[in-house]
Amino acid sequence: MELFTNQVLAGIATGAIYACMALAVVMIYQAIDHLNFAQGEMAMFSTFVSWQLMQWGVPYWGAFVITLVFAFVGGIAIERILFKPLAKAPILTNVAGFIALFAIINSSAGLIWDFTIKQYPTPFGSSPFLGSQLISTHQAGMIGVTLLLLVALYFFFQYTRIGLAMRAAASLPESARLVGINTSWMIALGWGMASAIGAIAGMLIAPVVFLEPNMMVGVLLYGFAAAVLGGLTSPLGAVVGGFLMGIFENLVGTYIPGVGNELKLPIALALIISVLVVKPAGLFGRQIVKRV
Amino acid sequence: MSAAEEVVEGHEMVEAVPKRAMTLGTGTSLVVLAALLIAPLFVKNFIIFQMTMLLIYGLAVLALNILTGGSGQFSLGQSAFYAVGAYTTAVLMEYFNVNYALTLPIAGVVCFGFGFLFGQPALRLSGVYLALATFALATAMPQLLKLNFLEHWTGGVQGLVVTKPDAPFGLPMSQDMWLYYFTLVVVIAIYIFAVNLLRSRSGRAFMAIRDNEIAASAMGVDVALYKTLAFGVSAAITGVAGSLGAIAVQFVAPDSFTINLAISLFLGMVVGGVGWLPGSFVGAAFIIFVPNIAEGISKGLSGAVFGVLLFLVIYLVPHGARQIAILGQQLAGKLKKN
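Sequences listed follow chains A and B, in order. For the first sequence, this note's numbering assigns the number 1 to the initial residue and increments by one for each residue that follows. For the second sequence, this note's numbering assigns the number 1001 to the initial residue and increments by one for each residue that follows.
Bear in mind the hints are in silico, worked out from the structure with no lab data behind them. Note that the structure is predicted; figures quoted are calculated from it, not measured. One should not assume that every hint holds.
Within a straight-line C-alpha distance of at most 25 Å, the following computed DSS-like cross-link-like pairs (lysine-lysine) qualify [to be verified]:
id : chain 1 : residue 1 : chain 2 : residue 2
1  : B       : Lys1164   : B       : Lys1044
2  : A       : Lys118    : B       : Lys1299
3  : B       : Lys1146   : A       : Lys264
4  : A       : Lys279    : A       : Lys264
Using the sequences plus the hints, can you model the full thing?
If you want it as structure tokens, here you go:
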């Protein structure tokens, strides 16, 4: 039983990261209707920026804030420069654009910071949390930050003018434009926020998976899977999906013999697909009714 | 989040390509064919090998094109079917001494089965959800091939070596050249089959589903049947490509069939033009040669150079090579009028 609780708690801790990543994925999906395959690489690049700042002597929280600003501005810049010209292009062409962005960021990060694995500090410390052997303070911190972020986003979208405008621009662009919302900038804003959320996920997971240009590939996969599991139209669903993914992954690795690390991902994905076959819009997604 | 149901207008993944615009004209086709027949006589063996790979990847992109451009389903799992085809050939040749040419149809049938079966659960999924499902298939495949209990057949991580066939009947040809012509014949046969398939009743059903699934089913198209059929046919052709690939490369190993292969094939389809069959081979040329060019420009930044080149292509021609072909046709039409 103790093994079980241990695994579930560890799953919740990694799940917090997947939840963050899934939130970022859902943010962009809401804004532009695309899955951004370069999301993980954008987060990785931001994390490297914060690491570089700390190497230059900036304290952790200073680097944290500067990185968030950098990620936000960077996300907007990417949308304005690279993807706005593609707005009228077919969807699959946009997907190719995401893959191109992935290659560019990954390769540049490799050139700037090379591929050696780097240590990344944690702001919470790595001692056991409240004297419990089950989870460390860093893991508890990750969960806390994710929940905080979720609450902040909820208030932003529910109770601020700009959040309302973003939701309007995403759900009915034509009508939103008619009431004077600049939908084009709302999309850019969505990119900026997604990029910043991704940066938070990157900085939180870096102490666990260590810093290197390919660190986010696996995380992004789980993030996608979590977002799809929860339902791509629901930020809350993304977070729940993220935690479920983390727990799934750990339990599958522990209790199904012969799985090991190699087969964890395929099995987790297979589970998700089974869920989707039963509930095609994800656990919390809205069922979209199509008409001719 | 409210459970309110939302009604949206059809939001197509793939734009409709008119049937006529899916192929090249007869004249152009004959010129291309002649060029493909003569070219190997003048170049070195290595270039012939690359041309063979171009045909093989082109075939795999063509298969994806039938699925996505034809029936509107989006797959990131083609590398899995490619792997199944390649392993079918390798295992048959290694353990059963089957003739290499005979392994192709067997690989096709095996992959058709896999594709058809995979199409069943995939029926309920569309768009990004389908992309994730096929993606899962592609990520799982290399791991499955490494499994212990399959190791006896697949050779595990080490993979299997495939012997390259000699030219038959004592023809005075190098192995590479023979394999090139052999591949060319297979590719042409499948290309003609694909063109005719899309022009047939089934092809029209695919396209009706792509353009509007609900309207298609209201008109009496058996949506479930044709969607799984598209998956099966696409997988079968990918399997044949995989089995040709195994013979050409003379080697199969789990790590040759990762998700990167599936992504490459997808890029090939976009660059060639979704739904334009000849574009598959243009796209294949892009995914084979552009990484080499990128490597040549800068070793450390090859990924970035590749990304920038890809961006350039999609800015200039968002609809892929098809757009250039259409422009060419219009120009030719104007010249004729004058």
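Output the indices of the hints that this structure fails to meet, ascending. Hint check: nothing fails, all pass.
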